[in-house]
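Q: Sequence:
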Amino acid sequence: MHLKQKHPHLRVTLSIGGGTSNETYPLVASNALLRENFARSVRGLVEASGLDGIDINWAYPADAQQGANFVALLAAVRVQLPDEQFFVTAALPAGRTTLQNIPVAQAAAYLDFVNLEAYDFYGPWSHRSGHQAQLYSMSKDETSGSSGVSYLMSHGCPARKILLGIPLYGRSFLGVGGPGHRHKGLGGEDGAFEYHTLPRKSAKETVDKRIGAASCVGGDGGFVTYDNPETVKMKAAYCKQKGLGGLFYWTGPADSREKSRSLVAAGFRALHSS
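At position 163 of the sequence shown (counting the first as 1) the number is 163 in my numbering, and the numbers step up by one without a gap.
Treat the hints with caution; some may be incorrect.
Said to hold, decoys possible - Straight-line C-alpha distance at most 30 angstroms; calculated DSS-like pairs for lysine-lysine:
#1 Lys240 x Lys259
#2 Lys4 x Lys233
#3 Lys259 x Lys201
#4 Lys209 x Lys184
#5 Lys161 x Lys4
#6 Lys209 x Lys259
#7 Lys184 x Lys201
#8 Lys140 x Lys259
#9 Lys161 x Lys140
#10 Lys184 x Lys161
#11 Lys201 x Lys161
#12 Lys259 x Lys184
#13 Lys140 x Lys201
#14 Lys240 x Lys161
#15 Lys242 x Lys140
#16 Lys233 x Lys259
#17 Lys242 x Lys259
Stated by the list, open to error - Derived Cβ-Cβ restraints for the label pairs, each shown as a range:
#18 Glu142 x Gln5: 44 to 50 angstroms
#19 Met138 x Glu230: 14 to 20 angstroms
#20 Asn22 x Arg43: 20 to 26 angstroms
#21 Arg11 x Glu142: 49 to 55 angstroms
#22 Lys201 x Ala105: 31 to 37 angstroms
Please keep in mind that the hints were generated in silico from the structure rather than gathered at the bench. Even for Gly, the Cβ is constructed at its ideal location relative to N, Cα and C.
Between the sequences and the hints, there should be enough to build the whole structure, so can you do that?
A: Right under this line is the structure:
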């Protein structure tokens, strides 16, 4: 909020939820009284803090009933945060498994933006290594940023409401030299390295231009999959081509302080160049 005082054009919203919200949101969203209480308390919090709105980060509606309750929760919040004054956004994964539980067009009607989490396609839960944030995939069944965008658009979400997510961390797989192999464990902290520490020492960084994914191989990370300035430029070009609302990043402090390596800077320049 201090930043906002210095830079009045800044819009600041609070993301509510995250990884453990799959226990709380289903309870709140399934009950009309609790939805109303949630929406009213959100309004109080936003007004007291001088915020511009909220982001609903429910990870994630697990079936069609929860998807319907998700929309009902958005509707209750929108009553308290009318769209001429406030932002309401939602973070959603790019995978069809979750998106198919949600009436996308109905949800989009209440939202200013969908923050499409176009990352975590592979990680500690995967038996095999794989690119965690590829823009395109080489097989029809594999999730990618573009497959998530296509699903949302084909189910009634306007392109301008979609923000494509960029991870500011890499996923590590030990004992392999690329995607598609059984790995021998994970490097880093819980299988991840913050972006500003990549590429790892003694590792070689490469970009697969066919799918829009960067990685490095070697050192203490084995095969580490992430985004770099080149892949972010590809993703920004894709946003412009598809008429998307833009990019978002998770999470800011992990970005590189070097201008030439900063992903936020690379994305901004690419989106705002002619």
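Q: State for each hint whether it applies.
A: Hints, verified against the model:
1. Distance hint between Lys240 and Lys259 is fulfilled; the C-alpha atoms sit about 23 angstroms from each other, no more than 30 angstroms.
2. Straight-line distance between C-alpha atoms of Lys4 and Lys233 comes to about 28 angstroms, which keeps the hinted pair within the 30 angstroms bound.
3. Taking the CA atoms of Lys259 and Lys201, the gap is about 20 angstroms. The hint holds against a cut of 30 angstroms.
4. Of the pairs offered as hints, the one joining Lys209 and Lys184 holds, with about 27 angstroms between alpha carbons and a cut-off of 30 angstroms not exceeded.
5. Proposed proximity of Lys161 and Lys4 is supported: the alpha carbons are some 23 angstroms apart, at most 30 angstroms.
6. Between Lys209 and Lys259 the CA atoms are separated by roughly 22 angstroms; this keeps the pair inside 30 angstroms, and the hint holds.
7. A hinted pair counts as satisfied when its Cα atoms are at most 30 angstroms apart, and Lys184 with Lys201 qualifies at roughly 20 angstroms.
8. With a C-alpha separation of about 36 angstroms, the suggested pair Lys140 and Lys259 falls outside the 30 angstroms cut-off, and the hint is violated.
9. Between Lys161 and Lys140, the direct Cα distance comes to roughly 25 angstroms. Compliance with the 30 angstroms bound is thereby established for this hinted pair.
10. The hinted pair formed by Lys184 and Lys161 fails the criterion: a straight-line CA distance of about 40 angstroms is larger than 30 angstroms.
11. Taking the CA atoms of Lys201 and Lys161, the gap is near 39 angstroms; set against the 30 angstroms cutoff, the hint is violated.
12. Between the alpha carbons of Lys259 and Lys184 the distance comes to roughly 35 angstroms, so the proposed pair goes past 30 angstroms and is violated.
13. Restraint check: the Cα-Cα separation between Lys140 and Lys201 comes to about 35 angstroms, which exceeds 30 angstroms; the hinted pair is violated.
14. The suggested pairing of Lys240 with Lys161 holds, with an alpha-carbon distance near 13 angstroms, which does not exceed 30 angstroms.
15. For a cut-off of 30 angstroms, the pair hint linking Lys242 to Lys140 stands: about 20 angstroms separates their Cα positions.
16. At roughly 14 angstroms between alpha-carbon atoms, Lys233 and Lys259 fall within 30 angstroms of each other, so this suggested pair holds.
17. For the given pair, Lys242 sits about 27 angstroms from Lys259 by alpha-carbon distance, which is consistent with the 30 angstroms threshold.
18. Against the hinted window of 44 to 50 angstroms, the Cβ-Cβ separation of Glu142 and Gln5 comes to about 45 angstroms, which satisfies the hint.
19. Met138 and Glu230 have their C-beta atoms about 19 angstroms apart, which keeps the hinted 14 to 20 angstroms range intact.
20. About 24 angstroms separates the C-beta atoms of Asn22 and Arg43, a value consistent with the hinted range of 20 to 26 angstroms.
21. For the hinted restraint 49 to 55 angstroms between Arg11 and Glu142, the CB-CB distance of approximately 35 angstroms leaves it violated.
22. Checked against the hint of 31 to 37 angstroms, the pair Lys201 and Ala105 fails, with Cβ atoms roughly 48 angstroms apart.
The earlier numbered hints that this structure contradicts are 8, 10, 11, 12, 13, 21, 22.
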